[in-house]
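Trainee: Chains as they are written, first to last, in the working numbering: chain H, 1 to 379; chain Y, 380 to 559.
Hints in this document: simulated from the structure, not taken from any laboratory. Fair warning: there could be bad hints in the mix.
Capping the alpha-carbon separation at 30 Å, the derived lysine-lysine pairs in DSBU-like fashion look like this [what the hints assert, rightly or not]: (1) 511/Y <-> 29/H; (2) 354/H <-> 511/Y; (3) 193/H <-> 511/Y; (4) 55/H <-> 182/H; (5) 342/H <-> 246/H; (6) 511/Y <-> 7/H; (7) 265/H <-> 52/H.
Going by beta-carbon spacing under 8 Å, a handful of chain H positions derived as facing chain Y [claimed, not checked]: (8) 10; (9) 22; (10) 147; (11) 149; (12) 206; (13) 235; (14) 258.
Values in this document were obtained by computation on a predicted structure and should not be read as measured data. Each residue gets a CB set at the ideal place from its N, CA and C atoms; glycine is no exception.
Letter by letter, the chains look like this.
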Amino acid sequence: MPQREIKVYLTPHGVTFVDPGFDCLPLIKRIHPEFEIRSDPPPPGYVPSFQKARKTPVPEIAKKDLQRIRSAELWDIHGKAVRSLSSVPDQNCPTLLDLKIELARRELENCRLCAWNCSTNRFVKPGPHCGLREDANIGSIFCHVAEEPQITPSVVVKLNGCTLRCRHCQASENFVASGGIKFDAGFWDKVAKVEGYDLSETIQLVGGNPDESVYAILLALSSAPDDFDKPIVWNNNGYANEVLYKLLDRIVDVWLTDFKYWSEKCGERISEVNNYPETARRGIEAIVSQQTKVIVRHLILPGHFECCSEKVLEFLEQFKQKIRISIIDNYIPDWKALNDPKINRMVSEEEISKVKELLKVYELRDISESSSDFWEKTE
Amino acid sequence: MTRAISFSFIGWLIAKIGEIGEATRRWEKIQKVRVEAKALEGIEFRALPKGNETLQLPFGNLFFGPEIEDTMKIPANLLLKGSEEFGKELSSEQMAFLDLIGREAEMVGFDIELKKLIFHDQREPVIHMLLKPAKTFHELIGQGFEDQKALPPVSEFKTLFDLFQDESNLVAIKSRDRGN
Numbered sequence: 001m002p003q004r005e006i007k008v009y010l011t012p013h014g015v016t017f018v019d020p021g022f023d024c025l026p027l028i029k030r031i032h033p034e035f036e037i038r039s040d041p042p043p044p045g046y047v048p049s050f051q052k053a054r055k056t057p058v059p060e061i062a063k064k065d066l067q068r069i070r071s072a073e074l075w076d077i078h079g080k081a082v083r084s085l086s087s088v089p090d091q092n093c094p095t096l097l098d099l100k101i102e103l104a105r106r107e108l109e110n111c112r113l114c115a116w117n118c119s120t121n122r123f124v125k126p127g128p129h130c131g132l133r134e135d136a137n138i139g140s141i142f143c144h145v146a147e148e149p150q151i152t153p154s155v156v157v158k159l160n161g162c163t164l165r166c167r168h169c170q171a172s173e174n175f176v177a178s179g180g181i182k183f184d185a186g187f188w189d190k191v192a193k194v195e196g197y198d199l200s201e202t203i204q205l206v207g208g209n210p211d212e213s214v215y216a217i218l219l220a221l222s223s224a225p226d227d228f229d230k231p232i233v234w235n236n237n238g239y240a241n242e243v244l245y246k247l248l249d250r251i252v253d254v255w256l257t258d259f260k261y262w263s264e265k266c267g268e269r270i271s272e273v274n275n276y277p278e279t280a281r282r283g284i285e286a287i288v289s290q291q292t293k294v295i296v297r298h299l300i301l302p303g304h305f306e307c308c309s310e311k312v313l314e315f316l317e318q319f320k321q322k323i324r325i326s327i328i329d330n331y332i333p334d335w336k337a338l339n340d341p342k343i344n345r346m347v348s349e350e351e352i353s354k355v356k357e358l359l360k361v362y363e364l365r366d367i368s369e370s371s372s373d374f375w376e377k378t379e
Numbered sequence: 380m381t382r383a384i385s386f387s388f389i390g391w392l393i394a395k396i397g398e399i400g401e402a403t404r405r406w407e408k409i410q411k412v413r414v415e416a417k418a419l420e421g422i423e424f425r426a427l428p429k430g431n432e433t434l435q436l437p438f439g440n441l442f443f444g445p446e447i448e449d450t451m452k453i454p455a456n457l458l459l460k461g462s463e464e465f466g467k468e469l470s471s472e473q474m475a476f477l478d479l480i481g482r483e484a485e486m487v488g489f490d491i492e493l494k495k496l497i498f499h500d501q502r503e504p505v506i507h508m509l510l511k512p513a514k515t516f517h518e519l520i521g522q523g524f525e526d527q528k529a530l531p532p533v534s535e536f537k538t539l540f541d542l543f544q545d546e547s548n549l550v551a552i553k554s555r556d557r558g559n
C-alpha cells in the first residue's frame, strides 16, 4: 500500500514522475515496460566514511575533557584528526565522530552553518530562515529509483526546513521545519522498513536542505547499526558555510551539491537569497579538497543560460578532474513559478543542447555518460 | 533537490496506439463526472432534477450527465479537479495517458487529484497529478457522515450512484449539515 504522495506531470510531450520510488515502480513499468533501475553501486565490502569516523580515536584529548576545551583548540585537533585518521582504539579518547558532534553542538549555540549567518542559539529558538531548532524532522523517507546510477537505488531522507525559497520548488512542503518524524536513534528502524531498502545502495540526506540538521544527523549516525554499510550522500542546496563542510569531512561519502545561479540577482529573485553565487563557489572549493566523491547538480532554468548556466560551467572547469556534473534538464514550473511569467515554462531543446554542448567544450564529466569507475577511482 | 524521471510519449505511443481510441472514448465519459475536491466545511448537500444532476458530496461535487450509468463506471477514487473545459484541451496522447495512469494508479492503491496548469509559452495544458495513498471507498464516502457506522457496508453498493440513490443516505448527510 502506498505511504506517500507522489507528483506526476503529464506534459504535451510525456510524463514526469517527481521523486520516483519503489512505490511508483508498478506504474512506471506499466507505462514504460523496458524501464530498469540503473545502478552502478559501490564495490562489495565498502565501508562508509562515518563508520570509520566512529572507530577513529582522537588521542590528543581525553573523552572527559571534550566539553571543556575551547572551540579554537578543538577545531585544531579536528583538523589534525581528519588528516591523520589514527586507527588505534583507545577507550579513553573520543572518536572523530564524537568530536564532530561536540563541534556541531557548539555551532548551534551561535549558528552560522549557512550563509544567512543568523548567529541564533538554536537550543533556545529556531533559526529565522531554516526554522529549525536543534533537532531534525523528516518529512518523508522512500527509496529513489532514478537518481544518478552511481547512487541508485538511494534511500532518500527528506528533512524539513530549508534556507532557500526557490519559486519553482517541487518540495515546498519541506519548507515547514516542524512536524514529521524525529531524526533520532529510532531512525534506523524506520529506514530499514522502507520499501526497497534491501536493494538500496546509498542513503541520501536531502530536504528541504539537510545542512542545518547536521547536529541531529551526526548524533543519529553515532547510533547506527555497526553493520550499516551504505555510503552517505549529502544532497544540499549549495548555501552552506565552510564550517558545515568541515564538520562533514570524513563523514560524507558523496557530495551531491547544487550550483544553481551565477548571477546574484537571479539568486535573489528566484530563491529569495543573498550572496548565493559566492557561497556556492566557496562550497565547491571546500568539498573538492576532501577525499570524497563530488557530483555537482545544475538545474537548467528557462532563460538562464547566459546569466547562470554558462558561467557556472565555466567556473567548474577548473575542478574537472575532481567532480562530475549532473545536468537536470526536465524542469517543470511548480509552486510560485506557476505565476511567474519569467520561469513559468519548460526549458527548450535548444537550451538543453547549449548546456550539454558546454560540458563538452569544458571537458566536464557528465555523470550520465560516466563509466563505472566512480567508486573505484581516487580523485 | 532530487531528480525527476521523464518518459516521452514517443515509443509508448507506438506500442499503445490501439488503446488510444478506446481510452479517448472512455475519457469522454469521464468528462461527464467531475469531482472537485473541497474542504468539508460549509458544503451543502442537495440533489438536482434527473438528467442534469449535481450531487455535492462530502469530498466534492459530482456532476452527472444524461448517461449516468456509463459515467459511474469510472473508478470511484479517481478525483478529477479542474475546470469544465479540462478534458477538451487535452491531446489524445494526454487523454490516453491519463486514462492509463488513472486505472493503474487505482490498482496499486493511489487516489488521484488532478490540476490543470497552463504554462505561458504553450497552448496545451500540463496536467499535475497528485497520487495520494488511497482512502478506501468506505473512508471516502464516510467523510460526510458523523457516524461512519451508519454507512451501509461497501458490499451493498457498487457505485457512488447506488449509494446516493438511497434517499435515506442523503437524509443522513443533510442532517449532519444542519448540525443535528
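Trainee: Each hint needs a verdict: does it hold in this structure or not?
Mentor: Now for the hints, and whether the structure bears them out:
1. Restraint check for residue 511/Y and residue 29/H: the C-alpha separation of about 19 Å stays at or below 30 Å, so the hint holds.
2. Only pairs whose Cα atoms come within 30 Å are accepted, and residue 354/H paired with residue 511/Y is rejected, the gap being roughly 37 Å.
3. Of the pairs offered as hints, the one joining residue 193/H and residue 511/Y holds, with about 20 Å between alpha carbons and a cut-off of 30 Å not exceeded.
4. Annotation: proposed proximity of residue 55/H to residue 182/H holds, straight-line Cα distance about 26 Å (limit 30 Å).
5. Restraint check for residue 342/H and residue 246/H: the C-alpha separation of about 37 Å exceeds 30 Å, so the hint is violated.
6. Among the hinted pairs, residue 511/Y with residue 7/H is consistent with the structure: their alpha-carbon atoms are about 9 Å apart, no more than 30 Å.
7. Only pairs whose Cα atoms come within 30 Å are accepted, and residue 265/H paired with residue 52/H is rejected, the gap being roughly 42 Å.
8. A least Cβ separation of about 4 Å between residue 10/H and chain Y falls short of the 8 Å threshold, and the interface hint therefore holds.
9. Because the beta carbon of residue 22/H sits about 11 Å from the nearest beta carbon in chain Y, more than 8 Å, this interface hint is broken.
10. For residue 147/H, the interface hint holds, since its Cβ comes within 8 Å of a Cβ in chain Y; the closest pair sits about 5 Å apart.
11. Violation of the interface hint for residue 149/H is found here, the shortest Cβ-Cβ separation to chain Y being roughly 11 Å, above the 8 Å cut-off.
12. Using the Cβ-Cβ criterion of 8 Å, the hint placing residue 206/H at the interface with chain Y is satisfied: the shortest such distance is roughly 6 Å.
13. A hinted interface residue such as residue 235/H counts as satisfied when its beta carbon comes closer than 8 Å to some beta carbon of chain Y; here the least separation is about 7 Å, so the hint holds.
14. Taking 8 Å as the C-beta cut-off, the interface hint given for residue 258/H holds, the closest approach to chain Y being about 6 Å.
When each numbered hint is compared with the structure, violations occur for hints 2, 5, 7, 9 and 11.
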